[in-house]
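S.K.: Listed below, chain by chain, are the residues.
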Amino acid sequence: MTTLDLARVSDGLVSTALAVFALALVVYAVDAALARTRGVRARELVSPSGRAHPEVRPQVQATPGIGSLTRSGALLTLLGTAVVCLAVLARGLAAGRAPWGNMYEFGLTGSAAVAVAFLLYQRGRPVGRLSAWMVAAVLVLLGVSVTSLYTPVDDLVPVLNSRWLVVHVAAAITAGALFTVGALATVAHLVLQGRGRSRDDDHFAELAHTVHLVAFPIWTFAVIAGAVWAENAWGRYWGWDPKETWAFITWVFYAAHLHALSTAAWRRRAGYLAIAGFLAFLFNFFGVNLWIPGLHSYAGV
Amino acid sequence: MRTAIVLLVLLALTAVPGSVLPQRGVASDPAAVANFAREHPDLAPWLDRLSLFNVYSAPWFAAVYVLLLVSMTGCVVPRCAQLWHDYRSEPPPAPRRLSREVGHRHGRVESAEKALGAAADHLRAKRFRVSVTSHEVRAEKGRLRELGNLGFHLSLLVLLFGVAGGKLLGYEGRVALVEGVTFANVSSSYDALSPGPWADLPGLEPLELTLDDFQAEFETEGARFGEPRAFEAAVSYSSIDEGDGSFTIRPNQPLDIDGTKFFLTGHGYAPELTVRDGNGDIASSGPTIFLPVDPAFTSDGVIKAPDARPTSLALQGLFLPTAVEGTDGKDVSAFPDQVNPVVQFTAYTGDLGLDDGSTQSVFALDFTDLEQVRRGDGTPWRASLAPGQTVRLPDGLGSVTFDGLSRFANFQIARDPGKEVSLLAAILLMVGLTASLAVPRRRTWVRVNDDGTIELAARSLSRRPVPLDELDELATRIGLSPADAGARKEET
Ligand code: HEM
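For the protein sequence lines, the chains are A and B, in the order given.
The UniProt record's numbering puts the first residue of the first sequence at 1, with every later residue one more than the last.
The UniProt record's numbering puts the first residue of the second sequence at 1, with every later residue one more than the last.
Calculated directly from the structure, the hints in this document are not laboratory data.
Since we're looking at a predicted model, the values are computed, not measured.
Don't be surprised by glycine CBs; every beta carbon is placed ideally from N, CA and C.
Some clues are possibly wrong.
What the hints assert, rightly or not - Taking lysine to any residue pairs in the SDA-like style, the calculated list, with each CA pair at most 20 angstroms apart, reads:
1. B:Lys126 with B:Val421
2. B:Lys167 with B:Asp300
3. B:Lys167 with B:Val421
4. B:Lys126 with B:Lys167
5. B:Lys167 with A:Ile224
6. B:Lys167 with B:Pro91
7. B:Lys126 with B:Pro467
8. B:Lys167 with A:Asp5
9. B:Lys167 with A:Arg269
10. B:Lys167 with A:Trp234
11. B:Lys167 with A:Gly96
12. B:Lys330 with B:Leu365
13. B:Lys167 with B:Ala199
14. B:Lys114 with B:Ser134
Said to hold, decoys possible - Partial list, derived from the structure: chain A residues whose beta carbon lies under 8 angstroms from chain B:
15. Gly67
16. Ser68
17. Tyr121
18. Val146
19. Tyr150
20. Ser162
21. Asp202
22. Leu213
23. Thr245
24. Ala260
25. Trp266
26. Tyr272
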């Protein structure tokens, strides 16, 4: 197969993955709607007698439905993940290098990484509706990449042509994927907390914590690798370039989040700091690349 | 730790304005602050007074991170003492109600004494710290976590030390070299030099560097037509410490001569023009650096010939590496490589202002005392030359020859004596952080009760859960049955 064919295969796989994830989302949505009507009926049944079991409601929230709809949603998600991984592979083969040399490729590889990270972490955990939100997040990221960031396969500009690109960006994408899973779980936790249905340590908080504990050192490593690369390319390891600055801001927010978890007075608010960290991360990817000029501007839209 | 959280949030927030407003000394565009000041003449002085154009060296930014580091030291030193104390004391006795702890197992074994012995051996083999009394085994593991945590926090101090060392003792400079030109490493050779306050400028590393050849390659097809693909600067150097040598500097491949590093940061064209005056004498010759202004390397440059006779001459030039006719009839450059090189220029006579002592850019003309050379009909005189061509100026002012084309390369030259310390700090930081987040610190107890039953349980001293497999293994070893998976779920 020629490079061009492979690139076309990759594009085709991306479209397929979009379709599969979209279908998964529809299935999850139908499932949720049915579950809600079931839930309403159940409540109507118990409330007149006033003997609703106090445990029931959190139970409904927490346990993943085991209906066939939920299962097909999960299968579709798995399929979509496999397809998007193949798309990343084909793109890498077509380009003859690691498939993360421009913004489209960050978005594509990032979507695959988010999906894989989520599947790895959700195993054996009751994550319920979170799957649907994860699929939605992947769908948005992949959709934005295809529609607004797409670039055909091409060689790298000389500054990017470095083995540090492989290390530094791979670490950043991995950490970013984990941050995304962590942010979804954190939002779920905060929503439950807001409805007064959660202890401090529900399983969403636990999932978020596990993910963040792995993500934080990887992000730290990504920043350090970036500094080593910058020293090699520009003659200084830290220059407060906007990209570096926002990587630092992300890091500091997550450090604050980890401290807040270990501080009784702040534990309930810790989630907001993680969300702030995630927003800084997102801004670094989209905002800084698109709006703020800097040395990293060649990332290629 | 509450102070730490507040200060960390503050640190994140105070770092934001520097990424939005133009900053002095941030490399991407040296003129950004001046341009911003021109566009916002009312706002700029106020922002400047608040140090908002140099956020990262601003007193308020420094205040936040210094406070943070002070607060951290205040936190971490007592923890060091605590760690030392823990290190020397035995693991504490089991809590009275072991059943409230994690992974509690309860049952009978054949010989309680043997079981305790087996438990102690097993836990020691698993690198727990163990102490044994007549009726219980007390064990603890995971101090590496505390050590890692301390190492991580202290590494931040080391990092600050490294960064500050580099800023104070190091320097950064820039120089543009035309092919064939030699650079001698003394401060007057630099086009720009920003030394740290304690940098030893008279003691710069004695060395010389010559740009022998510069090559550039560009994409010739597809959507990214004209994008750079490869740059190579072949240089030779001679230094007292490292001797003579040659090297190819590329992006991501700097030349390091005993700690003084040369980075390739840009390049452009230097047309070789010979200017003869009205008497036919050479008034100026050799390559002149033209600064690129767009991705197709359309470049601007000036040539000054103050000694030309009968009158001083100046040329304002535009260089096009691949000239094609543009839509409005004017030539433009279509590709960054030299396919159809053309120099276009206009000419001026008069006082170049070189003798009055004020410093002048070599890339711009001071037009105050200059008069444009015109044709007979009064329109400005212009010329356009391909390599090898010569053109005569009107009125016997002289002639200009385009002899050929050289390239120049921009080098960033830097010496940072703190960077090894910073790298060491970064490695310490990574190792410490990983240990502190990955190692669970836990205590495990095995106790024989008066009724002859035996029980065991564990407690986590960190936010990481106790690894339950470990307890299963211990239980099996002393003859208690491991809890089944169902029971385990409830315990966590
Ligand atoms: C300079 C900025 C700081 C950064 C980047 C930082 C970062 C971190 C990180 C990533 C952890 C690991 C969190 C975890 O174990 O879950 C941690 C733990 C800790 N930090 Fe900091 N820290 C900083 C400053 C401070 C300060 C000022 C203090 C004291 C007031 C402090 C006290 C602690 C303590 C006691 C822990 C252990 C928490 C635990 O055992 O869960 N840190 N820090």
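S.K.: Each of the hints needs a verdict: does it hold here or not?
M.R.: Right, here's what the structure says about each hint:
{"no.": "1", "hint": "B:Lys126 with B:Val421", "in the structure": "36 angstroms, violated"}
{"no.": "2", "hint": "B:Lys167 with B:Asp300", "in the structure": "34 angstroms, violated"}
{"no.": "3", "hint": "B:Lys167 with B:Val421", "in the structure": "13 angstroms, holds"}
{"no.": "4", "hint": "B:Lys126 with B:Lys167", "in the structure": "47 angstroms, violated"}
{"no.": "5", "hint": "B:Lys167 with A:Ile224", "in the structure": "18 angstroms, holds"}
{"no.": "6", "hint": "B:Lys167 with B:Pro91", "in the structure": "47 angstroms, violated"}
{"no.": "7", "hint": "B:Lys126 with B:Pro467", "in the structure": "13 angstroms, holds"}
{"no.": "8", "hint": "B:Lys167 with A:Asp5", "in the structure": "51 angstroms, violated"}
{"no.": "9", "hint": "B:Lys167 with A:Arg269", "in the structure": "37 angstroms, violated"}
{"no.": "10", "hint": "B:Lys167 with A:Trp234", "in the structure": "16 angstroms, holds"}
{"no.": "11", "hint": "B:Lys167 with A:Gly96", "in the structure": "40 angstroms, violated"}
{"no.": "12", "hint": "B:Lys330 with B:Leu365", "in the structure": "23 angstroms, violated"}
{"no.": "13", "hint": "B:Lys167 with B:Ala199", "in the structure": "9 angstroms, holds"}
{"no.": "14", "hint": "B:Lys114 with B:Ser134", "in the structure": "12 angstroms, holds"}
{"no.": "15", "hint": "Gly67", "in the structure": "22 angstroms, violated"}
{"no.": "16", "hint": "Ser68", "in the structure": "25 angstroms, violated"}
{"no.": "17", "hint": "Tyr121", "in the structure": "15 angstroms, violated"}
{"no.": "18", "hint": "Val146", "in the structure": "16 angstroms, violated"}
{"no.": "19", "hint": "Tyr150", "in the structure": "11 angstroms, violated"}
{"no.": "20", "hint": "Ser162", "in the structure": "4 angstroms, holds"}
{"no.": "21", "hint": "Asp202", "in the structure": "13 angstroms, violated"}
{"no.": "22", "hint": "Leu213", "in the structure": "5 angstroms, holds"}
{"no.": "23", "hint": "Thr245", "in the structure": "4 angstroms, holds"}
{"no.": "24", "hint": "Ala260", "in the structure": "5 angstroms, holds"}
{"no.": "25", "hint": "Trp266", "in the structure": "6 angstroms, holds"}
{"no.": "26", "hint": "Tyr272", "in the structure": "10 angstroms, violated"}
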